[in-house]
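Enquirer: Full structure from sequences and hints, please.
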Amino acid sequence: MKTCLVVDDSSVVRKIARRILEDMDFQITEAEDGEQALASCKEAMPDAVLLDWNMPVMDGYEFLGNLRRLPGGDVPKVVFCTTENGMDHISRALHAGANEYIMKPFDKDIVTAKFQEVGLVALTEQSSV
Amino acid sequence: MTPPDYEYLRKLLKDHSGLDLSADKQYLIESRLLPLSRKCGVSGIGELVQKMKGGSSSIIAQVVEAMTTNETFFFRDKVPFDHFRDTIMPEMLKARASRKSIRIWCAAGSTGQEPYSLAMALKEMGAVLAGWRVEIIATDLSTEVLEKSKSGVYSQFEVQRGLPIQLLVKYFKQNGELWQISPELRAMVQHRQLNLLHDFSQLGTFDIIFCRNVLIYFDQDTKINIFGRLAKAMEGDGFLVLGAAETVVGLTDVFKPFPDKRGLYRPSGARAASPQGATSMPKIAAMAGR
Chain Z
1 MKTCLVVDDS SVVRKIARRI LEDMDFQITE AEDGEQALAS CKEAMPDAVL LDWNMPVMDG
61 YEFLGNLRRL PGGDVPKVVF CTTENGMDHI SRALHAGANE YIMKPFDKDI VTAKFQEVGL
121 VALTEQSSV
Chain D
1001 MTPPDYEYLR KLLKDHSGLD LSADKQYLIE SRLLPLSRKC GVSGIGELVQ KMKGGSSSII
1061 AQVVEAMTTN ETFFFRDKVP FDHFRDTIMP EMLKARASRK SIRIWCAAGS TGQEPYSLAM
1121 ALKEMGAVLA GWRVEIIATD LSTEVLEKSK SGVYSQFEVQ RGLPIQLLVK YFKQNGELWQ
1181 ISPELRAMVQ HRQLNLLHDF SQLGTFDIIF CRNVLIYFDQ DTKINIFGRL AKAMEGDGFL
1241 VLGAAETVVG LTDVFKPFPD KRGLYRPSGA RAASPQGATS MPKIAAMAGR
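Which chain is which? The protein sequence lines are Z and D, in order.
So the first sequence is numbered by my numbering: it starts at 1 and just counts up by one.
So the second sequence is numbered by my numbering: it starts at 1001 and just counts up by one.
Watch out, some of these pointers could steer you wrong.
Stated by the list, open to error - Cut-off 27 Å, straight-line C-alpha distance, at most; resulting in silico cross-link-like pairs (DSS-like, lysine-lysine): (1) K1014(D) <-> K104(Z); (2) K1261(D) <-> K1100(D); (3) K1170(D) <-> K1123(D); (4) K77(Z) <-> K1170(D); (5) K1170(D) <-> K104(Z).
Hints listed in this document are in silico derivations from the structure and should not be mistaken for laboratory results.
Expert: Pasting the structure below:
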């Protein structure tokens, strides 16, 4: 089973994301900020990280930089999931090593599409009729 | 769409299909029902709702179907665009090497996601196309969706379905909550209003035709007729791309499946059995709500 670390300071968002990702057969761990997330990654590197940007203690952008410097830290697919929907933020995130980017509000379809995009979920045949 | 229309559709969808739309899914209704309005021959969602209220069970069924299964987004189904990049274009680059021009037709261009996906795929091919002239003609029955396609403006939801973030950054400009595809890509796509039931020979001859998820709305005779006319509008070594659930098999022998590439067809060289003009299809016109 693939693992996904959900990082968001909102427990509501974590809960929604957990439900969506568990339906996609991911095993979920949660973190409330970048520092907790980093500790979690040092313990066990997840296959995927769903990452908020604005959080107390350590934000998502700083976490991403730290993650990518860890041994094996280039492995997890990192998908930002944030209300920061400006082109400047998206570009910075991609330069820092993010694999995909979700602009909130999000729904199940968007999360599924983005996880397919980074190759974490098999492409399902979409019914056309 | 007016709030009462939205509420009407929400309740109807809940009752008929169990689909429970939250209060903020106007974009979803618009993206799915505008193409259906076009196919039903009405001007927009308001008129569609009027017909539904008038008790048209066929329209209600189509609305439910469209809302529960059908949607257009960038690089929809992915596989056809892989075929385009890995099979169709390499072949065309060889076959058209002397004339260096390729004509592509999106026969159900809708709100533009398909023609612009092709335009992006072409851009991503880079220098191999230097010096080539590639035309993309997007046609649709509805002038409303064509206007949207021409504008190249999409909501935040629309650009997050099927479009890789790198392509969003590369080819779109942000304007608040909306995203507009670049002028360079918009200039690659020409738009024409067209009803597939009518004669389309004036569009000329194409090398590649994308005709996805539109023929499913027509009956068998009409499909056969359209396939016959598509074959005539295509170069003998061209490619036809159909939707994932569509096929020519059992309908016509003017196209044959391309081996091992689902949804991909080529002209067989056979002539359409009985070439028919658009005038011989009153039955279909009736079905389309005319």
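Enquirer: Work down the list of hints and note, for each, if the structure agrees.
Expert: Now the hints, each set against the structure:
no.	hint	result
1	K1014(D) <-> K104(Z)	26 Å, holds
2	K1261(D) <-> K1100(D)	25 Å, holds
3	K1170(D) <-> K1123(D)	10 Å, holds
4	K77(Z) <-> K1170(D)	21 Å, holds
5	K1170(D) <-> K104(Z)	20 Å, holds
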